[in-house]
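J.: One letter stands for each residue in the lines below.
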Amino acid sequence: MDVPLIELASVKKSFGPVEVLKGIDFKAYAGRVTALVGDNGAGKSTLIKGLSGVQPFDEGTVKFEGEDVHLTSPRQSSALGIEVVYQDLALCDNLDIVQNMFLGREETTMGTLNEAEMEFAATKALQSLSVRTVKSVRQKVSSLSGGQRQTVAIGRSVLRNAKMVILDEPTAALGVAQTEQVLNLVRRLADSGIAVIIISHNLADVFQVCDDIAVLYLGRMVASLKTSETNRDDVVGYITGTKSLEEVN
Amino acid sequence: MSAPQLIASGQEGTLKDQIVGYFQRIKNGDMGALPAVVALLALAVLFTGLSPYFLTKLNVANLFVQAAELTVLACALVFVLLLAEIDLSAGVTAGVGMGLFIILNQKMGLPWPIAVLGALCVGLLVGSFIGFFVAKIGVPSFVVTLGLFLGFQGLQLIMLGDGGLYRVDIPEILALMNSNMPDWGGWLMVVVMVLVTLGLSLWDRARRSKAGLTSRPISLMIAKVIVIGGLSSILVAVLNENRSVSILPISGVPIVIPVVIAIIFIGTFVLDRTRFGRHLYAVGGNPEAARRSGIKVASIRISAFVICSTLAVVSGLLHVSRLGSVEASAGRSIVLSGVAAAVVGGVSLFGGRGKLIHAAIGALVIAIIDNGLGLIGLPAGINFLVTGGVLIAAATIDALSRKRSGGSLVRM
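So the sequence lines, in the order shown, correspond to chains L and V.
Just so you know, we're using the working numbering here: the first sequence kicks off at 1 and counts up by one.
Just so you know, we're using the working numbering here: the second sequence kicks off at 1 and counts up by one.
Honestly, the hints are just simulated from the structure, not real lab data.
Careful, some of the hints might be misleading.
Straight-line C-alpha distance at most 27 Å; calculated BS3-like pairs for lysine-lysine [unchecked claim]: (1) Lys135/L x Lys210/V; (2) Lys296/V x Lys135/L; (3) Lys296/V x Lys49/L; (4) Lys49/L x Lys22/L; (5) Lys27/V x Lys135/L.
Note that the coordinates shown come from a computational prediction; the quantities given were computed from them, not determined experimentally.
This is chain L alone, in the form it adopts within the complex (with noise of 0.2 Å):
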């Protein structure tokens, strides 16, 4: 494993007076998924919030492909190619797919939008993930799926030319038939080539497509695992504590 795509060095975060971060490290690679895993409250969302450029981390130093950044912003995220699929998706159901794949950032020909191009993008984009689940592009995603919209949602990641996609709870709402289909795009996703990050409380999903899992416990990175060289019960005993304390004593 060489260079990391990204790397956070002792990060923090507060909140007023509560510190929210309290000097994360964490890496992720390119082509390779990599769980972010916690209970409620160890800082999760706080984290992606830094790395998506909504919160910007107060301390730490943050590398991009071996180079030192500072993410400030949504847009500074987004244009190093860190995309950030939340868990409600923000799909317009009035829209259809390619609409909403190319929302914000349409192609344009002499002031008027290119749908021949964009429809042409959106197909490619979610054939080069293998998708076989939706019938047409030209689809409004008020009829599409719990899993159908994740696609989409992710299918956008992939045509801004992400490097590195984070997901938030990409199973949370679905039943089984569809969760197996959002994990076996994600890990299409991460075989193209992209460092995909999920943040999971199923940790099912998780062993079944995480390369890594990372342990948020209180504002600590308490455990970087290799998936093929721990089990589940370790995993939940990071979560929760017990874990890192017997270790400590």
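Got chain L; can you put chain V on it based on the hints?
T.: Leaving out everything else, chain V in the frame of chain L:
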């Protein structure tokens, strides 16, 4: 594209597949203007049966002219309805615009084009004002525009005086609603409509084939052009005949018809084919998603109100042209008919769904009720009752079709 397409675009297949697809969409609750078109035809048949005067050339011409103001106002309202907002002050904004028009033109003696420009500026200003309060401060548009609706009635009284009625005898303005084009003007209108439709379709097809995508069968495009060309030709042929019931002949397409068609066309072009239009629909569908996609939600909202108020002033201008006068109470009652027209036509009150052509069809439905019931000689009270009933029916269809198409009734 050489590789077989795994994902379709909905444009593949034969004419038959396209037709099947269309009915499938209707079944899924995506009805668009269909209920309004059916209502329009049903009402036309009904009134033709009830009154011998309904389907006369004179009445058909009158119907379109009567519908013109309402059509433009309904189109204006579409821009804010698409954002799930409302502008109750659109009518009185037009009234204030016309008030300023009178002051500039008659009291200050400025030439009429400057007075018209001044009136349009009223629309611009009022739209910015509403937009600022809605988008920046966060006051519900219902409240802001209700406030203006009340306030502007006072402003109109102050500008024009109690019971003020001012005659307007500027020939250019009166011509808008009261004069007709020569015969060739009507035919030119048909040719332009056909050429523009054909041109846009061919341009789209060229771009699709350049990107390696399949287009809808060409027969569908030809059918569309024939329908547009055919219907407008019939209308022009009828209107070009003498429709007078007295000695003085009246013939030709009323000037206002191409004006209204141009407004609908330009507005539709902006909504369907520009980035601004796409963003307007996005903000109407899910403001939070739009914001996260980098769309400047506030400026889209403000622009929508500016377009609405300015187009409302244009409809006010048509009102003045038809009556040949400006009264201090202008625009009070028309705004609710405008909202009704848009909703009847299939524009959703929940935002994000609807087109200008829907509003135009809705305006024709409202106008036909007005016109037909008038011809039968029923009291005015019935007119209001029927219009109200149609509005509730239309809003019900909107709500039900929204449920069926999987969207929730709650705004997200």
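J.: Lys49/L and Lys22/L: Cα distance at most 27 Å?
T.: holds, 15 Å
J.: Is Lys296/V close enough to Lys49/L, meaning Cα to Cα at most 27 Å?
T.: Distance ~21 Å between Lys296/V and Lys49/L Cα, so the pair holds.
J.: Starting from Lys27/V, check that the Cα of Lys135/L is at most 27 Å away, please.
T.: The hint holds at about 17 Å.
J.: Can the restraint linking Lys135/L and Lys210/V be considered satisfied, given a maximum Cα separation of 27 Å?
T.: Holds - the C-alpha atoms of Lys210/V and Lys135/L are around 23 Å apart, at most 27 Å.
J.: Does the structure keep Lys296/V and Lys135/L at a Cα separation of 27 Å or less?
T.: violated, 32 Å
Of the numbered hints stated above, the single one contradicted by the structure is hint 2.
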